[in-house]
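Enquirer: Here's the letter readout for the chains.
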Amino acid sequence: MTAFALTGVIARFDDGGTLSLADMEISRGELVALTGANGSGKSTLLRVLAGLVDSRGSVTRGHDARAVAFVGARPFLFRRSAFDNVELAIGGIGLARLDRRRRTGAALSRCGASHLAGRSPRELSDGEAQRVALARALVTEPEALLLDEPLGPLDAEGEALVLGLLRDRGERTIVVASPSADAIRSLAPRVVDLR
Amino acid sequence: MQGEGDVLSATWLSLAISAAAVAIAAVPGVPLGAWLGLSRSRWRAPIVLAARVGMSFPTVLIGLLVYGVVSRHGPLGRFELLFTPHAIVIGEVLLAAPMIVALGETATSSLDPRFRETVAALRLSRARAVWLACVERREAIGVALFAAFARCVTELGVALLVGGNLRGETRTLTTAIALETSRGDFDRAMRLGWVLVALAVGLNATTAILQRGTSRP
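If you're matching them up, the sequences are chains A and B in order. For the record, in the first sequence the residue sitting at position 21 is 407 according to the numbering used here, with numbers rising by one throughout. For the record, in the second sequence the residue sitting at position 157 is 170 according to the numbering used here, with numbers rising by one throughout.
Extracted from the complex, chain A is given alone in its bound form (with noise of 0.2 angstroms):
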């Protein structure tokens, strides 16, 4: 089954900027490792497949709107606790309130940033904000996963976890960007220069 699928796809930015993108079709399931040069597209790929830019063409989405997680290269992370950061992004699907702390500190956890969880977003390094916007992800327990360079500010524990979450996804189906994707591309069945 599809899970993403481009056709003729025109990304177009707030500012009045168009890009093309290559067309592509990714299975349910799959991992995809998105690579290429600066500027060859591969986050405005990502934020079109998560419904975040404006496009003309075709995009086929065969995952609900609801189950597509993103998570930027420079995570922005509201101006509240890494706790309720991540709290926050299950708070509209009528989970009661003990399930919902349960679930993000099971998040916070798998993604080892417990002690992190009372920090603001000021005391938190990249890194640290990285670990905290993934769990921000998982909490949500999305079909789909869109990771924009996640290894960069990471540590390389921090690093490792990514690495584990790309191994054990599952029926995730996972499209990651990354510029050198030595690590990924070991992990990853199939890997898309964009050029």
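Worth double-checking, as some hints may not be accurate.
What the hints assert, rightly or not - With the C-beta cut set under 7 angstroms, the calculated list includes, among others, these residues of chain B facing chain A:
#, residue
1, Arg-127
2, Glu-130
3, Arg-136
Hints were generated in silico from the structure; no laboratory data involved. Virtual Cβ for every residue (Gly too), placed ideally from N, Cα, C.
Since the structure of chain A is already known, use the hints to place chain B on it.
Expert: Chain B in isolation, oriented as in the chain A frame:
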């Protein structure tokens, strides 16, 4: 004005009326301003323009408008609001609201672009996004509220036209100054003026302290 009690009464009334007006104007004004700052709606530009024009609207014209509405033959005439503090509150709500909307819009439109993307990526509702934007820019919104409060405390046109300057009932600091000046008691008017200046300095100092917080990335 006869004694210090009158000065206190006028000061208290000025503060209470202005606080009530800003509180009422903030209820729709803050979320509307935040929504405008985040919105790409075609209504955004005309609403923001209207709010900015409203910020510079002469207070005496707003007073005149409210007078027409609350006077005996106006649409709200049966409520007998003319020459009551309620009428001044209505007028000052019209003074405060455009300022809160316009400055609120400015505050949230300058949010980090990643804010909007994150809200969209998390599929948060519009109401939730507006609330989060207000929290993110709370110092700037506080500045907007204080600026609106300062405008209300120092305005004369509305208070004079629809308040009627009734001693102990609708006499505010600004109408008291106007009265003392018309009576020729310039010294007393100046003393009341200094009270107003002290209030303005206090409000501006508070605004400046809040503004320090708005410079965060």
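Enquirer: Please name the hints from earlier in the document that this structure breaks, with their numbers sorted from lowest to highest.
Expert: Violated hints: none at all, because every hint is consistent with the structure.
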